[in-house]
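K.L.:
Here's the letter readout for the chains.
2 protein chains.
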Amino acid sequence: MKFAVTITLKKDVLDPQGKVVGQTLKNIGIKNLNSIRQGKFFEIDLDENDPVLGETKVKEMCEKLLANQIIEDFQIKKI
Amino acid sequence: MKFAVTITLKKDVLDPQGKVVGQTLKNIGIKNLNSIRQGKFFEIDLDENDPVLGETKVKEMCEKLLANQIIEDFQIKKI
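If you're matching them up, the sequences are chains A and B in order.
Residue numbers for the first sequence follow the working numbering, so the first one is 216 and each next one is one higher.
Residue numbers for the second sequence follow the working numbering, so the first one is 216 and each next one is one higher.
Worth double-checking, as some hints may not be accurate.
Pulled a few chain B residues facing chain A out of the computed Cβ check, cut under 10 Å [to be verified]: (1) 220; (2) 243; (3) 248; (4) 252; (5) 259; (6) 260.
If you're looking for bench data, these hints aren't it; they were derived computationally from the structure.
We put the beta carbon where it would ideally sit given N, CA and C, even for glycine.
Here chain A stands alone, though its shape is the one from the complex (with noise of 0.2 Å):
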């Protein structure tokens, strides 16, 4: 069973990283771009056959060691 996992900045936390980015699409001419913010993707596979119980494992992932809860949030997806 398979997991999508996508980690983002929280709305308030400054994204220096995504700047950069945002910055060299309008120096390549890029126009109409309002913003631009990175985050991180994960792609699990679990050898799981309960959704339940694989969403729960994935979560657990993201608390313990995927995601900076202070300053991240976490979505997962079963794909």
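Chain A is already provided as a structure; the job is to place chain B on it using the hints.
P.N.:
Here is chain B on its own, set in the frame of chain A:
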């Protein structure tokens, strides 16, 4: 108009970063993990009301800067 862009390594490309994360998850006691692969995520806010034009613009950003199409795939979703 907002778009979510997910950039992942192509299936046959090695992902050492993901391997390290997977090993670390196992070390902290996570079981049933088959594999984990890391990617990038961007949240793009465009000053554009036409979803088709918006997606074209985001595709251009991916092709020109965000994704390295030799080793990476990208996926665009309106959010």
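K.L.:
The structure should be examined with respect to each hint, and the outcome stated for every one.
P.N.:
Here is what the structure says about each hint:
no.: 1; hint: 220; result: holds, 9 Å
no.: 2; hint: 243; result: holds, 6 Å
no.: 3; hint: 248; result: holds, 6 Å
no.: 4; hint: 252; result: holds, 5 Å
no.: 5; hint: 259; result: holds, 5 Å
no.: 6; hint: 260; result: holds, 4 Å
Checked against the numbered hints given earlier, this structure breaks none of them.
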